[in-house]
Amino acid sequence: MDLKHIYRDYIDCLNEQAWLRLGTFVADDVIHNDNPLGLSGYREMLKRDYAAIPDLRFNVEMMISEYPYLGSRLRFDCSPTGVFLGLPVNGRRVSFHENVFYQFDNNKIVRVRSIIDKAALEAQL
-19 MDLKHIYRDY IDCLNEQAWL RLGTFVADDV IHNDNPLGLS GYREMLKRDY AAIPDLRFNV
41 EMMISEYPYL GSRLRFDCSP TGVFLGLPVN GRRVSFHENV FYQFDNNKIV RVRSIIDKAA
101 LEAQL
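Per the working numbering, the very first residue in the sequence shown carries number -19; after that it's consecutive.
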């Protein structure tokens, strides 16, 4: 199956907060930034993100794919509550990007490497 199609469905799952469907896209033993979270830990990480950023929405700006890898540039325009990434955002609307590289196996995400553009946030504050 085309990784780009799977990835777009995964992003829809995140934006819908359809946590019961997350296992369709993410492996049971997924690793995030070298942390072996597993599916349940990955799900909890995403739930914490939504709790801290109630208006969170993943917007794909760019995507490239060469099996088993997919790279994506995500754009966020949101209002994190309180402190976010160590910065006192406190509900202000900010825009930033995340560059993410995914590794797939059997059409599921097994490894995620993510970098958020914290400098863009700092410049807005």
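Simulated from the structure, these hints should not be mistaken for laboratory data. The reader is advised that the hints may include incorrect statements.
Cross-link-like lysine to aspartate or glutamate pairs, in silico, DMTMM-like; alpha carbons within 20 Å at most [said to hold, decoys possible]:
#1 Lys98 x Glu78
#2 Lys88 x Asp35
#3 Lys27 x Glu46
#4 Lys(-16) x Glu78
#5 Lys88 x Asp(-11)
#6 Lys88 x Asp9
Label pairs and their computed distance ranges (CB to CB) [what the hints assert, rightly or not]:
#7 Gly3 x His77: 26 to 32 Å
#8 Gly62 x Thr4: 29 to 35 Å
#9 Gly3 x Asp(-18): 16 to 22 Å
#10 Pro34 x Asn87: 29 to 35 Å
#11 Thr4 x Ser75: 25 to 31 Å
#12 Asp(-8) x Val90: 19 to 25 Å
#13 Thr61 x Ala99: 26 to 32 Å
#14 Asp57 x Lys(-16): 32 to 38 Å
#15 Asn15 x Asp(-18): 25 to 31 Å
#16 Val40 x Ala99: 19 to 25 Å
#17 Asp(-8) x Glu46: 21 to 27 Å
#18 Asp85 x Glu(-4): 32 to 38 Å
Beta carbons: idealized from backbone N, C-alpha and C, even for Gly.
Outcome of the hint check:
Distance check on the hinted pair: Lys98 and Glu78 sit about 9 Å apart at the alpha-carbon level, within 20 Å; holds. Distance restraint check for Lys88 and Asp35: the Cα-Cα separation of roughly 26 Å exceeds the 20 Å cut-off, and the hinted pair is therefore not satisfied. This hinted pair does not check out: Lys27 and Glu46 have alpha carbons roughly 29 Å apart, beyond 20 Å. As the CA atoms of Lys(-16) and Glu78 are separated by approximately 17 Å, the hinted pair is consistent with the 20 Å bound.
Of the supplied pair hints, the one linking Lys88 and Asp(-11) holds, its CA atoms being roughly 12 Å apart against a limit of 20 Å. With a C-alpha separation of about 10 Å, the suggested pairing of Lys88 with Asp9 holds against the 20 Å cut-off. Roughly 27 Å separates the CB atoms of Gly3 and His77, a value that falls within the hinted 26 to 32 Å. A hinted range of 29 to 35 Å holds for the C-beta pair Gly62 and Thr4, which are about 32 Å apart.
Here the CB-CB span from Gly3 to Asp(-18) is close to 20 Å, well matched to the stated 16 to 22 Å. At roughly 31 Å, the beta carbons of Pro34 and Asn87 sit within the given window of 29 to 35 Å. In this structure the supplied range 25 to 31 Å holds for Thr4 paired with Ser75, their Cβ-Cβ distance being about 30 Å. A hinted range of 19 to 25 Å for the beta carbons of Asp(-8) and Val90 is consistent with their spacing of about 20 Å.
Against the hinted window of 26 to 32 Å, the Cβ-Cβ separation of Thr61 and Ala99 comes to about 21 Å, which falls outside the hint. At roughly 23 Å, the beta-carbon separation of Asp57 and Lys(-16) lies outside the given 32 to 38 Å, and the hint is violated. For the pair Asn15 and Asp(-18), the beta carbons lie near 28 Å from each other, so the given range of 25 to 31 Å is met. A hinted range of 19 to 25 Å for the beta carbons of Val40 and Ala99 is consistent with their spacing of about 21 Å.
For Asp(-8) and Glu46, the Cβ-Cβ distance of about 22 Å falls inside the hinted range of 21 to 27 Å, so the restraint holds. Restraint check, Asp85 to Glu(-4): a C-beta distance of roughly 24 Å breaks the suggested window 32 to 38 Å.
Of the hints listed earlier, those the structure fails to meet are numbers 2, 3, 13, 14 and 18, in rising order.
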